[in-house]
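J.: Modelling step: build the complete structure from the supplied sequences, incorporating the hints.
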Amino acid sequence: MLGFILLKMKNKYKLYTCLFLGMVFMLATFSLISFYGNGAMEKLINDGFYESYEKNGDFPAVLSRNDIVKRNRLEAVKGTVKSYENSWNKYLSCPVLATEYIYTLKGCPVELSYKGKGGYLDIAYIEGGGFNAVDGLKPDELGTLSDDFYEYNSLGEKGVYPCVISRKLMDFYNLVVGERITFTNIKDESGNVLTFEIAGIVEEEGFDDYTWYKSLTDISLTIYTDEASFDEIAEGFNFNAIVCENYELIDYRYINPQNAETILDYIEQFHERDEKLDENISVVLKNYMVSRRTVKTILYVIIIPLLILMIIFISMISVRIVDSERTEIAALRSRGLSSAKILKMYVFQVIFLSLFAYIFGILLGYGLFKIAGRVDGFLSISKSIKVYDSFTYDAFIYALFGACLSGILQLIPVIFTYKDTVLDIKHKKLANLKKPGWERGFADVILLLVSSYMIYDFNKQLEAMRLDTLSGKGLDPMIFVSSTIFMVAVGLLFLRVLGYTLRLIFKLFNKRLKTSDYASFLQVIRNRKKSDVISIFMVITIASSIFNATVARTVNENLNERIRYNVGTNLVYKEKWKVKLAGMVPPLKWRYDEPEYDIYNNLVKEGYAKGVTKVIRDDKATAQFNNKKLEDVTLLGINTKEFGETAFLKDGLTDIHWFNYLNNLAVKTNGVIISKNLAEYYSVKEGDTIGCLRYPPPEALDKEGFTSAYYEVVGIVDAFPGYKQYESYADEDGNMVEKESYLMVINYANAVSVYGITPYELWISTDNADRTRSYLDERLAEQNRDREYYINLDEEIVSMNSSAVIQITNGLFTINFLLSILLSVIGFLIFQITELRDRQSLFGVYRAMGISMREINRMLFIEVFGVLFSGILAGAFSGFITTIFYIRIFSTVYLPQRHNVPVGIYTDVWDFLRLGIILIITFAVCFVIIRRIVKKLKITEVIKLGED
Amino acid sequence: MDDKDVILKLNNVSKSFLLRSGERLEVIDDMSLSFPLGQLVIIKGRSGSGKTTLLNIMGALDNDYSGEVIFDGRNLNTLKEEEREQIRRCEMGFVFQSVALIPIMTAYENVDFALRTVGMTDDREDKIKEALELVGLSERATHYPFQLSGGEQQRVAIARAIAKKPKIIFADEPTGALDTMTGLVVVKLFKELAYRYGITVVMTTHDEGLMDMADILINLEEINRRGTYE
Numbered sequence: 001m002l003g004f005i006l007l008k009m010k011n012k013y014k015l016y017t018c019l020f021l022g023m024v025f026m027l028a029t030f031s032l033i034s035f036y037g038n039g040a041m042e043k044l045i046n047d048g049f050y051e052s053y054e055k056n057g058d059f060p061a062v063l064s065r066n067d068i069v070k071r072n073r074l075e076a077v078k079g080t081v082k083s084y085e086n087s088w089n090k091y092l093s094c095p096v097l098a099t100e101y102i103y104t105l106k107g108c109p110v111e112l113s114y115k116g117k118g119g120y121l122d123i124a125y126i127e128g129g130g131f132n133a134v135d136g137l138k139p140d141e142l143g144t145l146s147d148d149f150y151e152y153n154s155l156g157e158k159g160v161y162p163c164v165i166s167r168k169l170m171d172f173y174n175l176v177v178g179e180r181i182t183f184t185n186i187k188d189e190s191g192n193v194l195t196f197e198i199a200g201i202v203e204e205e206g207f208d209d210y211t212w213y214k215s216l217t218d219i220s221l222t223i224y225t226d227e228a229s230f231d232e233i234a235e236g237f238n239f240n241a242i243v244c245e246n247y248e249l250i251d252y253r254y255i256n257p258q259n260a261e262t263i264l265d266y267i268e269q270f271h272e273r274d275e276k277l278d279e280n281i282s283v284v285l286k287n288y289m290v291s292r293r294t295v296k297t298i299l300y301v302i303i304i305p306l307l308i309l310m311i312i313f314i315s316m317i318s319v320r321i322v323d324s325e326r327t328e329i330a331a332l333r334s335r336g337l338s339s340a341k342i343l344k345m346y347v348f349q350v351i352f353l354s355l356f357a358y359i360f361g362i363l364l365g366y367g368l369f370k371i372a373g374r375v376d377g378f379l380s381i382s383k384s385i386k387v388y389d390s391f392t393y394d395a396f397i398y399a400l401f402g403a404c405l406s407g408i409l410q411l412i413p414v415i416f417t418y419k420d421t422v423l424d425i426k427h428k429k430l431a432n433l434k435k436p437g438w439e440r441g442f443a444d445v446i447l448l449l450v451s452s453y454m455i456y457d458f459n460k461q462l463e464a465m466r467l468d469t470l471s472g473k474g475l476d477p478m479i480f481v482s483s484t485i486f487m488v489a490v491g492l493l494f495l496r497v498l499g500y501t502l503r504l505i506f507k508l509f510n511k512r513l514k515t516s517d518y519a520s521f522l523q524v525i526r527n528r529k530k531s532d533v534i535s536i537f538m539v540i541t542i543a544s545s546i547f548n549a550t551v552a553r554t555v556n557e558n559l560n561e562r563i564r565y566n567v568g569t570n571l572v573y574k575e576k577w578k579v580k581l582a583g584m585v586p587p588l589k590w591r592y593d594e595p596e597y598d599i600y601n602n603l604v605k606e607g608y609a610k611g612v613t614k615v616i617r618d619d620k621a622t623a624q625f626n627n628k629k630l631e632d633v634t635l636l637g638i639n640t641k642e643f644g645e646t647a648f649l650k651d652g653l654t655d656i657h658w659f660n661y662l663n664n665l666a667v668k669t670n671g672v673i674i675s676k677n678l679a680e681y682y683s684v685k686e687g688d689t690i691g692c693l694r695y696p697p698p699e700a701l702d703k704e705g706f707t708s709a710y711y712e713v714v715g716i717v718d719a720f721p722g723y724k725q726y727e728s729y730a731d732e733d734g735n736m737v738e739k740e741s742y743l744m745v746i747n748y749a750n751a752v753s754v755y756g757i758t759p760y761e762l763w764i765s766t767d768n769a770d771r772t773r774s775y776l777d778e779r780l781a782e783q784n785r786d787r788e789y790y791i792n793l794d795e796e797i798v799s800m801n802s803s804a805v806i807q808i809t810n811g812l813f814t815i816n817f818l819l820s821i822l823l824s825v826i827g828f829l830i831f832q833i834t835e836l837r838d839r840q841s842l843f844g845v846y847r848a849m850g851i852s853m854r855e856i857n858r859m860l861f862i863e864v865f866g867v868l869f870s871g872i873l874a875g876a877f878s879g880f881i882t883t884i885f886y887i888r889i890f891s892t893v894y895l896p897q898r899h900n901v902p903v904g905i906y907t908d909v910w911d912f913l914r915l916g917i918i919l920i921i922t923f924a925v926c927f928v929i930i931r932r933i934v935k936k937l938k939i940t941e942v943i944k945l946g947e948d
Numbered sequence: 001m002d003d004k005d006v007i008l009k010l011n012n013v014s015k016s017f018l019l020r021s022g023e024r025l026e027v028i029d030d031m032s033l034s035f036p037l038g039q040l041v042i043i044k045g046r047s048g049s050g051k052t053t054l055l056n057i058m059g060a061l062d063n064d065y066s067g068e069v070i071f072d073g074r075n076l077n078t079l080k081e082e083e084r085e086q087i088r089r090c091e092m093g094f095v096f097q098s099v100a101l102i103p104i105m106t107a108y109e110n111v112d113f114a115l116r117t118v119g120m121t122d123d124r125e126d127k128i129k130e131a132l133e134l135v136g137l138s139e140r141a142t143h144y145p146f147q148l149s150g151g152e153q154q155r156v157a158i159a160r161a162i163a164k165k166p167k168i169i170f171a172d173e174p175t176g177a178l179d180t181m182t183g184l185v186v187v188k189l190f191k192e193l194a195y196r197y198g199i200t201v202v203m204t205t206h207d208e209g210l211m212d213m214a215d216i217l218i219n220l221e222e223i224n225r226r227g228t229y230e
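Chains as they are written, first to last, in the numbering used here: chain A, 1 to 948; chain B, 1 to 230.
Since the hints were made in silico from the structure, they are not lab data.
From the three backbone atoms N, C-alpha and C, an ideal C-beta is built for every residue, glycine too.
Mixed in with the good hints, there may be bad ones.
Unchecked claim - Restricting the straight-line Cα-Cα distance to at most 30 angstroms, the calculated cross-link-like pairs of lysine-lysine (DSBU-like) are:
1. Lys15(B) to Lys514(A)
2. Lys276(A) to Lys530(A)
3. Lys935(A) to Lys167(B)
4. Lys935(A) to Lys165(B)
5. Lys15(B) to Lys507(A)
6. Lys614(A) to Lys668(A)
7. Lys936(A) to Lys15(B)
8. Lys165(B) to Lys507(A)
9. Lys511(A) to Lys188(B)
Stated by the list, open to error - Coverage of chain B stretches by chain A, computed from C-beta distances (three or more under 8 angstroms per stretch; other residues unrestricted):
10. 13 to 21
11. 35 to 44
12. 80 to 90
T.: See below:
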């Protein structure tokens with residue numbers, strides 16, 4: 001049996017090669033679902049932790065407790081802490097990277113030997129360590145508790161305990177080494193007052209020197225002593241409780257799609273049993289759960305149309321194979337082989353092919369996953385995108401399912417034909433001349449009505465869909481399904497109209513048609529049932545390619561526009577400013593020292609920037625009008641001329657060009673440009689006066705203080721560079737909340753004169769933001785200055801493109817586009833070549849009848865072109881119509897956040913040109929191949945003159 | 001035989017095939033034949049005697065031979081391919097054993113197609129009806145080939161061949177796939193064409209029952225032995 005099957009395949013190697021390719025593609029696609037799905041989920045989780053670190057500046061996977069343990073022995077307290085930690089570690093099963101313990105005895109106001117009365121101080125023992133530079137983990141360095149932390153420079157006399165203090169405390173209370181600190185209210189049983197002598201100062205290297213998870217900069221008003229002293233003090237000085245803070249940093253890389261839900265569940269159980277637990281893991285995992293739904297929906301709905309194409313492809317090839325093997329089947333039956341045995345032979349054939357397709361399919365699926373994982377835009381691949389290339393073994397199961405499906409598809413035509421008699425074949429030949437089933441059943445009209453109703457319904461619910469997507473309810477898969485239905489329906493309708501048109505033309509002009517045109521017309525019109533499969537195939541491929549390309553470009557470009565708007569310029573750079581504080585008791589006097597500006601001044605001269613400008617940005621300002629305050633207003637202080645040269649704003653976002661507003665502000669020292677929503681909130685108009693309050697820095701510990709000034713409204717705008725009107729974020733319960741913010745823009749000089757020198761951002765216009773940023777970092781480092789943050793527009797765009805939802809969308813659209821084009825090219829070629837082979841004798845008859853090769857070439861051209869052209873025309877028409885009706889709906893679900901930049905439709909003509917070029921090449925190759933086949937025909941052999 | 005009565009003449013025609021073994025197989029060896037106008041000529045011979053090869057050569061389908069084939073005063077061997085195509089299109093008709101009707105065209109359209117190939121624009125409809133009537137299939141004009149029986153299909157093929165009024169019709173085993181009665185009907189039709197329209201019909205067969213109907217009977221095996229037939 002194997003020998004017979006192999007011989008069959010060898011004789012029809014072109015058809016079987018195409019079938020095998022189709023099977024490999026199908027299995028690859030199924031395994032891609034598993035690989036890519038898992039990779040995307042891993043990316044979601046890791047991105048979530050990374051974003052948490054970026055946003056909060058803290059290690060993103062920390063479990064902590066802050067408890068008052070009513071014990072006065074350190075050992076007992078440590079035991080309690082350890083029991084909680086053991087419970088965490090047992091259930092979470094993630095390696096612990098570092099721990100930190102801070103044991104504190106509540107102090108009291110102190111007396112200082114040199115300065116007299118001091119403030120309140122606590123006594124602490126700190127223990128634990130971090131780790132350094134673990135590859136791929138953020139933050140990439142947490143320092144260790146140094147061995148010499150408790151090495152005292154001097155040891156006190158009996159009854160006087162040694163302690164070390166932080167540099168911050170030293171500055172705050174003006175303390176020196178050797179000074180004694182007396183806790184006047186803390187006495188032992190003998191009445192001795194608790195006294196410490198400062199034996200050392202611990203200095204951290206920089207502002208964000210994470211010596212420990214909670215650094216000494218975070219802890220104020222505390223002195224530190226060693227374990228033995230602490231234990232002695234706790235017991236000896238009648239403390240009845242020790243405050244314990246413990247932090248456990250776990251390796252979040254061990255949290256993966258397989259265990260994320262379990263870990264979240266355990267953490268929630270920990271919370272239920274322990275009110276004192278605090279952690280920053282669950283918020284990341286809850287966001288992941290929300291995004292996971294969205295990503296899964298995207299994955300399936302983009303892949304499904306591709307799978308449908310593959311189903312059609314394999315079915316088409318299988319039907320062709322069975323058609324061409326009817327004679328062999330009949331011969332086998334005439335030699336006594338039963339129908340069951342024939343079916344068994346085909347089952348064996350399917351299994352044989354599936355075994356090889358399985359191996360190649362999984363390998364190809366993994367390869368496609370690698371490619372898709374590197375996509376950073378539609379049809380754009382980058383080496384720099386991180387690929388989560390975990391090989392998941394679920395892929396074998398998915399591929400097995402694909403193998404079963406492709407096997408069934410191959411057996412269906414066998415089941416329908418292996419018992420056929422000659423009469424059945426005759427009836428089927430007649431059936432082939434009838435109109436296709438979908439045309440007779442008006443499937444195109446029905447599908448169009450159904451999908452049109454869906455469009456109407458979706459459009460009614462756009463706002464609700466937007467909010468659902470925002471709140472993480474996931475995308476409604478029916479949106480994608482209905483767009484595919486609509487696409488097919490429009491394509492079929494177009495084919496119907498085209499068919500009617502062709503018949504009409506034939507009816508009107510057939511008497512005058514040339515011989516070759518006459519034959520071609522009839523071939524195209526009457527062979528519809530056979531050629532419709534390839535036409536529908538082409539329609540779906542071309543329509544979905546056009547639609548997917550437009551959706552992908554629209555989503556990507558709109559996101560890019562939003563980022564450009566949000567950032568406002570090429571590079572925003574903020575140096576870390578030191579605030580100078582004075583005073584002992586809050587509120588403290590404060591002052592900012594403006595760093596040397598020469599570095600920034602030289603940027604343009606040195607060729608690292610085209611323009612630089614200072615921009616004061618305060619997101620915590622308060623607006624005031626008629627005694628009504630509005631908090632958390634964004635205040636910008638700008639130099640109007642420089643700002644206009646450095647920032648950018650998309651045209652059309654404001655009623656008049658935004659430079660006009662800058663000009664108005666320039667001529668009015670105390671002018672203010674406000675956002676439209678602020679104007680509406682206060683019902684103010686141009687010329688009205690509005691107040692602005694700014695508050696001291698948090699370090700000043702001044703909750704009541706503010707500076708206010710009043711400004712005349714010189715402009716009301718819908719948009720402004722860097723002004724994000726809408727912000728959405730997840731609350732504690734993981735629900736998405738939308739918050740609206742307001743804007744006030746004043747002159748920089750006025751801001752300084754009213755509010756004093758306060759930190760500003762540098763907005764830099766440059767062609768290479770990365771180069772400029774590196775240059776600034778180096779210059780600052782040379783002068784021991786630090787950068788607080790920077791925003792690089794190019795990096796933001798890359799980061800957005802590599803976010804899980806966008807990356808997977810672009811990746812899948814790209815794979816979809818490439819595979820569907822490949823399938824349609826192969827499908828079209830094989831259809832035309834096998835069609836020709838079926839009609840070889842006919843071409844022999846044509847030649848025998850005296851029809852020239854030129855006329856036959858013309859015939860072939862019209863037939864091949866007719867099928868291709870009708871498919872292209874219907875596909876293009878359907879693609880564009882679907883785009884018009886669905887782009888707004890898709891934009892709502894992909895871009896649910898409200899934004900100052902309205903959603904626009906973007907296309908790239910190169911996408912269509914690429915498609916067009918591929919199709920033209922396909923046509924040319926196909927035409928050349930079949931022309932060569934016909935040319936090589938020997939008339940006498942083909943028409944079998946003589947005895948058969 | 002007077003040359004003006006001869007539509008087709010073969011002069012010392014030979015044809016051989018090169019086998020895989022390197023040997024040359026002489027199928028037709030120095031054959032000379034003449035075919036008069038308006039006659040039914042039956043060429044008989046067993047399988048492998050060269051009937052089909054001879055028909056290919058006479059029908060300008062095969063140009064690889066030695067000798068001369070003069071059709072209506074023109075030496076086919078010296079003509080260009082386009083000129084041979086023209087002759088086949090306008091002056092010759094073919095009827096094949098495998099029928100070879102165009103499956104997507106009705107009987108009417110099959111005949112129409114043949115008339116289009118000769119560039120006929122006027123009176124096509126009349127000629128189609130006449131041809132179909134002649135073969136007795138006027139009522140089946142709108143039927144597709146597989147809605148017709150084998151004999152009916154063969155008759156449509158004859159109608160297609162005769163519609164353009166060729167000078168000669170070549171029919172290779174036209175009754176091979178038909179039953180005896182139907183085969184007889186077909187051959188009678190050929191005879192009528194020959195007498196009524198002066199068309200020379202050259203058909204091959206190995207059916208002994210049809211030999212008596214021939215105006216001229218050529219036994220290929222004998223000719224190959226003797227070399228000439230007149």
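J.: Go through the numbered hints given earlier and state which of them the structure violates, listing their numbers in rising order.
T.: 1, 2, 5, 9, 10, 11
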